[in-house]
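Between the sequences and the hints, there should be enough to build the whole structure, so can you do that?
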Amino acid sequence: MKCGRCSKPAVLHITEVRQKEVQALHLCEGCAKEYLSHSQASKADAAIDSDSESEASLLEELDQKLCPNCGISFKEFRAQGRLGCPHDYVVFEDELLPLLENIHGETTHAGKIPKRSPQASQLQFQLIKLRNELRTSVEEERYEDAARIRDSIRHIEETRSKAESGRTSNDPD
Amino acid sequence: MDLESLTRTSGEWLKATGPDSDIVMSSRIRLARNLADFSFPSRADDRARAEIEELLRRQIAKNPAGRKLNYISVSSLDTIDRQMLVERQLISREHSETHGQRGVGISDEENVSVMINEEDHLRIQVLRSGFALDDCWLEIDAIDDAIEADRTYAFNDRLGYLTACPTNCGTGIRVSVLMHLPALVHTKEIQKVFQALQKINLAVRGLYGEGSQAMGDFYQISNQVTLGKSEEHLIRTIQDVVPNIVSYERRVRQALVSENRRGLHDQVSRAYGILKTARTISSEETMDLLSSVRLGINLGLIDDLEIPTINELFIHTQPAHLQKIRHEKLETMERNVARADYIRQRLSERN
Ligand SMILES: [Zn+2]
Ligand SMILES: [Zn+2]
Chain A
72 MKCGRCSKPA VLHITEVRQK EVQALHLCEG CAKEYLSHSQ ASKADAAIDS DSESEASLLE
132 ELDQKLCPNC GISFKEFRAQ GRLGCPHDYV VFEDELLPLL ENIHGETTHA GKIPKRSPQA
192 SQLQFQLIKL RNELRTSVEE ERYEDAARIR DSIRHIEETR SKAESGRTSN DPD
Chain B
111 MDLESLTRTS GEWLKATGPD SDIVMSSRIR LARNLADFSF PSRADDRARA EIEELLRRQI
171 AKNPAGRKLN YISVSSLDTI DRQMLVERQL ISREHSETHG QRGVGISDEE NVSVMINEED
231 HLRIQVLRSG FALDDCWLEI DAIDDAIEAD RTYAFNDRLG YLTACPTNCG TGIRVSVLMH
291 LPALVHTKEI QKVFQALQKI NLAVRGLYGE GSQAMGDFYQ ISNQVTLGKS EEHLIRTIQD
351 VVPNIVSYER RVRQALVSEN RRGLHDQVSR AYGILKTART ISSEETMDLL SSVRLGINLG
411 LIDDLEIPTI NELFIHTQPA HLQKIRHEKL ETMERNVARA DYIRQRLSER N
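One line per chain: the protein sequences are A and B, in this order.
Letter by letter, the first sequence follows residues 72 to 244 in this note's numbering.
Letter by letter, the second sequence follows residues 111 to 461 in this note's numbering.
Hint data in this document are derived by calculation from the structure and do not stem from the laboratory.
Don't be surprised by glycine CBs; every beta carbon is placed ideally from N, CA and C.
Check before you lean on any hint, since a few could be wrong.
[What the hints assert, rightly or not] Partial list, derived from the structure: chain A residues whose beta carbon lies under 8 Å from chain B: (1) Cys-141; (2) Gly-152; (3) Cys-156; (4) Leu-167; (5) Leu-170; (6) Ile-174; (7) Thr-179; (8) Gly-182; (9) Lys-186; (10) Ala-191; (11) Ser-192; (12) Gln-195; (13) Leu-198; (14) Ile-199.
Below, the structure is given as structure tokens:
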């Protein structure tokens, strides 16, 4: 994606709400700095508000929260505008919902639903972490750990295929 | 799929066979999908990306929904070949420029493309000539179902299909229509169209260009919202608005003809004349002149040339195509000469 002000690659993605107008901004490093210095100045004006300090530290804390599966922090997401894995939608739900509301005006899916159950999908998010751990343990030659992790992966995959075969027998389609 | 032969052909969607294809160049729907058991591509390491590519390449090889797809490993192509796929709208610029294992499955007619490891694990795209969104949806929905029968997508009850960027989550759908609007641009009426579309949350973008000035008077209209509305609803929003723009463009064209037929005839004939005789020509000028000639053909002012030829020239005069045709790397000035040569040759074939 390119910067909306010049045509360099965009690194900052912000959604702004001004007088009910929702605006998605995609900015390159240079334009982002300029934009942030301006918005910083206006924040400073508003900062006379007494509990701004505790708000700032709360923000800081949110930024440090990590996804257990892919390891991304909310701060990293804000910097690059891209999430790390599907599980982030669960981990950062509180922070993402207002953002989604800004972008889409709604926060509840109303479209197509896959034939597979969402529970199966959710269960699979754990595989992201397990697969990463498996890779690292093999690289570090911790073979006992690797074997244990491989069993867990197999267990989840079996649970999935059982759920699927159950579905197929009930559903002639 | 033989990339060399692509310079002699063009996608089915350029053949101007679809409804309203004098004004609606093409209709397109794309779906963003992710596997539930991997990080999104930008956060997946090389090995995970290779695994994702392998899993999904196998899905493509199974010809989902009966669609034969030719697989191309994009990561092993050189820059010119990647750029050529971008010019043909078969892969996105992001997919061409990003790093790591990735690929695309393309149908022979070039109206289906399935990108692997773009911003999301899967980006399925279906293109059609003219105003044909229902056809696009029927086909893409079937391909999506076929892949989903084998792989578990990242999905949750509340937020729908989960995507790397929150701007795509929910349906993951982008519905777009590429329109040729020379008369609305010429009379500046296009501004009214922009404002009306903005009010109903639709985005307008120029072809190829990133800025507000569209190349060759082509504009792409698409949805921005993907969450909270059904696919059918989002498609219908565009289907409702496009006929109004089509008839607006037609009305203004007729007004231009009745006000000053001779002036308009002169303008499109001069554009045609320059294309037939120029010895060096930039990409921008080519786009402008092709746009005039396209308008001239549709108004019956030019009668020895067909729309598909002009549509194809818009694609084949792009930098990577010219370099593939010439089999050599060309700098801007050399490309301008090669472009003029190629256009002269193509237009003289017609007579
Ligand atoms: Zn910039
Ligand atoms: Zn994550």
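Exercise for the section: Hints the structure violates: just list their numbers, smallest first. Expected result: none
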